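Asker: Can you build the whole structure from these sequences, using the hints too?
Read the sequence shown against the UniProt record's numbering and you will find it ends at 147, with the numbers running on by one and no gaps.
Honestly, the hints are just simulated from the structure, not real lab data.
Since we're looking at a predicted model, the values are computed, not measured.
For glycine and all other residues, C-beta sits at the position ideal for the given N, C-alpha and C.
A few of these clues could be false.
Claimed, not checked - Capping the alpha-carbon separation at 20 Å, the derived lysine-lysine pairs in PhoX-like fashion look like this:
no.	residue 1	residue 2
1	Lys141	Lys41
2	Lys142	Lys41
3	Lys24	Lys41
4	Lys141	Lys6
5	Lys31	Lys41
Unchecked claim - What follows is a set of in silico ranges between Cβ atoms, one per label pair, in the way DEER data are often shown:
no.	residue 1	residue 2	range
6	Ala107	Arg50	16 to 24 Å
7	Lys95	Asp73	18 to 26 Å
8	Asp21	Glu138	28 to 36 Å
9	Gly119	Gly51	32 to 40 Å
10	Leu5	Val139	40 to 48 Å
11	Thr4	Asp126	22 to 30 Å
12	Asp72	Thr4	14 to 22 Å
13	Leu5	Gln91	15 to 23 Å
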Amino acid sequence: MPETLKFLILDGHSVIYAWEDLRKLHLKADKRYLAREELLKRMRTLQDMRGERVVVVFDGIGSVISDSREKDDVQVFYADAGHTADALIEQLAAKYAGTYAIRVCTADRMIWDGVRASGAHWISPDMLRFEVEQAEGEVAKKIGKRR
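Answerer: Below, the structure written as structure tokens:
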């Protein structure tokens, strides 16, 4: 029996605001993009170490929902101007939770119920930080062994 694909969908801005180092970067207008880049870097590490595909969703301003991803990289969605990242996250969870193992990371309590009702699981930004730190530690150990 093939293994079920696992996905972690996260509310990008919710995590940025929950993690102090990223929040400080984001609050500086000229450094805002650095907070997003650092979050994506950390999510790549988590994805590489855990084998769980990561999807990061941000609020957007365009006229259509857009997504980007290099092969085997973290997938990034920007909601269109008429929708929020929250709505897009709920739609993704509702559409795919019956087919894949889905976890959703957000600090927004209003999303929790919708996500759980769809069959997806919720994790907090603090729990995600713990998982990322574990993955980063594993990478450091692997690098240390190779030297």
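Asker: Now tell me, hint by hint, if it's right for this structure.
Answerer: Taking the hints in turn, this is what the structure says about them:
no.: 1; hint: Lys141 x Lys41; verdict: holds (18 Å)
no.: 2; hint: Lys142 x Lys41; verdict: holds (18 Å)
no.: 3; hint: Lys24 x Lys41; verdict: holds (17 Å)
no.: 4; hint: Lys141 x Lys6; verdict: violated (25 Å)
no.: 5; hint: Lys31 x Lys41; verdict: holds (16 Å)
no.: 6; hint: Ala107 x Arg50: 16 to 24 Å; verdict: holds (21 Å)
no.: 7; hint: Lys95 x Asp73: 18 to 26 Å; verdict: holds (21 Å)
no.: 8; hint: Asp21 x Glu138: 28 to 36 Å; verdict: violated (20 Å)
no.: 9; hint: Gly119 x Gly51: 32 to 40 Å; verdict: violated (21 Å)
no.: 10; hint: Leu5 x Val139: 40 to 48 Å; verdict: violated (23 Å)
no.: 11; hint: Thr4 x Asp126: 22 to 30 Å; verdict: holds (26 Å)
no.: 12; hint: Asp72 x Thr4: 14 to 22 Å; verdict: holds (18 Å)
no.: 13; hint: Leu5 x Gln91: 15 to 23 Å; verdict: holds (18 Å)
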